[in-house]
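Engineer: If you read the protein sequences in the order shown, they are chains A and B.
Residue numbering for the first sequence follows this note's numbering, starting at 1 and increasing by one per position.
Residue numbering for the second sequence follows this note's numbering, starting at 1 and increasing by one per position.
Be careful, since some hints might not be right.
The list cannot tell twin chains apart, which means a pair is met if one copy fits it or any two copies do.
In silico EDC-like cross-links for lysine to aspartate or glutamate, where the CA-CA straight-line distance does not exceed 20 Å [what the hints assert, rightly or not]: (1) K69 with D228; (2) K256 with E245; (3) K19 with E201; (4) K117 with E208; (5) K69 with D223; (6) K186 with E158.
Hint data in this document are derived by calculation from the structure and do not stem from the laboratory.
2 protein chains.
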Amino acid sequence: MSLNFSFIGAGNLAFHLAKALNSKGFQIKQIYNRTESRAKELAEFTGSEYTSKLPEIDKSGDIYIVAVKDSAIGEVLSQIDFQDKLVVHCSGSQSISVLKKYTKNFGVIYPLQTFSKKREVNFNNIPVYIEANSPENLEILRKIAGVISEKVSTADSEQRLLLHISAVFACNFVNHLYSIAGELLKTKNISFDVLKPLILETALKVQELQPFEAQTGPAVRFDKNIIDKHLEKLADIQEYRQLYELVSKSIFEHHKKLKG
Amino acid sequence: MSLNFSFIGAGNLAFHLAKALNSKGFQIKQIYNRTESRAKELAEFTGSEYTSKLPEIDKSGDIYIVAVKDSAIGEVLSQIDFQDKLVVHCSGSQSISVLKKYTKNFGVIYPLQTFSKKREVNFNNIPVYIEANSPENLEILRKIAGVISEKVSTADSEQRLLLHISAVFACNFVNHLYSIAGELLKTKNISFDVLKPLILETALKVQELQPFEAQTGPAVRFDKNIIDKHLEKLADIQEYRQLYELVSKSIFEHHKKLKG
Numbered sequence: 001m002s003l004n005f006s007f008i009g010a011g012n013l014a015f016h017l018a019k020a021l022n023s024k025g026f027q028i029k030q031i032y033n034r035t036e037s038r039a040k041e042l043a044e045f046t047g048s049e050y051t052s053k054l055p056e057i058d059k060s061g062d063i064y065i066v067a068v069k070d071s072a073i074g075e076v077l078s079q080i081d082f083q084d085k086l087v088v089h090c091s092g093s094q095s096i097s098v099l100k101k102y103t104k105n106f107g108v109i110y111p112l113q114t115f116s117k118k119r120e121v122n123f124n125n126i127p128v129y130i131e132a133n134s135p136e137n138l139e140i141l142r143k144i145a146g147v148i149s150e151k152v153s154t155a156d157s158e159q160r161l162l163l164h165i166s167a168v169f170a171c172n173f174v175n176h177l178y179s180i181a182g183e184l185l186k187t188k189n190i191s192f193d194v195l196k197p198l199i200l201e202t203a204l205k206v207q208e209l210q211p212f213e214a215q216t217g218p219a220v221r222f223d224k225n226i227i228d229k230h231l232e233k234l235a236d237i238q239e240y241r242q243l244y245e246l247v248s249k250s251i252f253e254h255h256k257k258l259k260g
Numbered sequence: 001m002s003l004n005f006s007f008i009g010a011g012n013l014a015f016h017l018a019k020a021l022n023s024k025g026f027q028i029k030q031i032y033n034r035t036e037s038r039a040k041e042l043a044e045f046t047g048s049e050y051t052s053k054l055p056e057i058d059k060s061g062d063i064y065i066v067a068v069k070d071s072a073i074g075e076v077l078s079q080i081d082f083q084d085k086l087v088v089h090c091s092g093s094q095s096i097s098v099l100k101k102y103t104k105n106f107g108v109i110y111p112l113q114t115f116s117k118k119r120e121v122n123f124n125n126i127p128v129y130i131e132a133n134s135p136e137n138l139e140i141l142r143k144i145a146g147v148i149s150e151k152v153s154t155a156d157s158e159q160r161l162l163l164h165i166s167a168v169f170a171c172n173f174v175n176h177l178y179s180i181a182g183e184l185l186k187t188k189n190i191s192f193d194v195l196k197p198l199i200l201e202t203a204l205k206v207q208e209l210q211p212f213e214a215q216t217g218p219a220v221r222f223d224k225n226i227i228d229k230h231l232e233k234l235a236d237i238q239e240y241r242q243l244y245e246l247v248s249k250s251i252f253e254h255h256k257k258l259k260g
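Bound-form chain A, shown alone:
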């Protein structure tokens, strides 16, 4: 395929997706970003033009990848004349239909992964979900996604929303628990580093076992003695205490229900 891509937005996802496409030989024609330095930075990686001005967006692109903050999609797209080119967004929680008023050809490419600029990722084993307004466009997206990932599936907007919510629990909320754990250790001058083997093993376990089988700790044993001791210790930090109580109760109820 000699299709070329233009990126609207140069955030973390755009960064990794553009680089992945480029590394497989796709031309990245232009990068638009509101902050020019960021557009330039990515453009240097992919050998692309860049701009921070919407009117300067190149009209000769084949496929436009919209990777801006969800709340900005409408505002940005309404200022671009796509001339019915294929426009693709990458958002988990936006319906495909948000693109309808800007072009006749549209779709979604949603990679289920967390992207930070500082971390290289291997796109190859990232599940990528696609959706398109027509079978023809779906085939185009399937081919493109198939070049960067071995795990391409279709998902409608409703399934993608659930995928995104699940990812929020399994990644964003998980990362926040890492944060809280680190904050708690800091009160005793203990480094976050000591948690690293535990964090890694917890994630590795569920690569093999179901989370239900992998669960350990006081809540699943309903060790009230320990739970009460922990709640007492957290008494000063209302937010953490509330979270501790809610999650412990949830673990207990969950296991009671599933064990029958």
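With chain A held as given, fit chain B onto it using these hints.
Structural biologist: Here is chain B on its own, set in the frame of chain A:
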């Protein structure tokens, strides 16, 4: 050291600790467990005697490792005459002082890790925290722990309690979030498997970055549009909705505070 060990309790922790000690040449003399089959199973790995009867606990042991459920420690220990041998518990949340009335020589070995019977673990890089009633006993524990782990530190009972609470957040609660994510996907007949690369990357990220830097997702961007959409979708599952709201708010507040 030609010290031998007897284990009181043959749960997941005992299983891995006894095997780790045994693999480094320590003799595991006897395994006690309330359920005999479990004692037998571990004893076969370590070439030990086993029993399910407290009066049959061998009196000639050098060190007794108490690895029973926290709430059972008192009840079990009160039935054994330790003759002032070195008795060690492995609990994060029990003070060292719970052992005082059963022997003159006591201590704690607390490995900061999650243990499941089905998973092999490499003890070598697990942080192990020790505490003892005397400098002499501390030295004995330091030597023993040093044989199985490269990361041995002292921690008093108060520090160990915080280590345990942190581990509950970073492991047990994290694993429960994996569970919830899987449950949500099940409602759309999507396999838990699709989350595995995301879960692993989330854990790998904080091996290098601080959790604060690694945070992504709608809450840290305060993308109210998406958060509201997710809450609406979770409206039927009150428990998950409440958790979503609480953690999102916590992420937002946390980042607002730290960014200043």
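Engineer: Now tell me, hint by hint, if it's right for this structure.
Structural biologist: Here is how each hint holds up against the structure:
1. With identical chains, the CA atoms of K69 and D228 are at most 20 Å apart between copies only, with a shortest distance of 15 Å across copies and 42 Å within one.
2. With identical chains, the CA atoms of K256 and E245 are at most 20 Å apart within one copy only, with a shortest distance of 16 Å there and 24 Å across copies.
3. In this homomeric assembly, K19 and E201 come within 20 Å of each other (Cα to Cα) only across copies, at 18 Å, whereas the closest approach inside a single copy is 30 Å.
4. Taking the shortest alpha-carbon separations for K117 and E208, only the inter-copy value of 13 Å comes in at or below 20 Å, while the best intra-copy value is 29 Å.
5. Only between protomers do K69 and D223 lie at most 20 Å apart by alpha-carbon distance; the minimum there is 8 Å, versus 44 Å within a single protomer.
6. Taking CA atoms no more than 20 Å apart as the test, K186 paired with E158 passes between copies only; the shortest distance there is 13 Å, against 41 Å inside one copy.
Violated hints for the displayed structure: none, as all numbered hints are satisfied.
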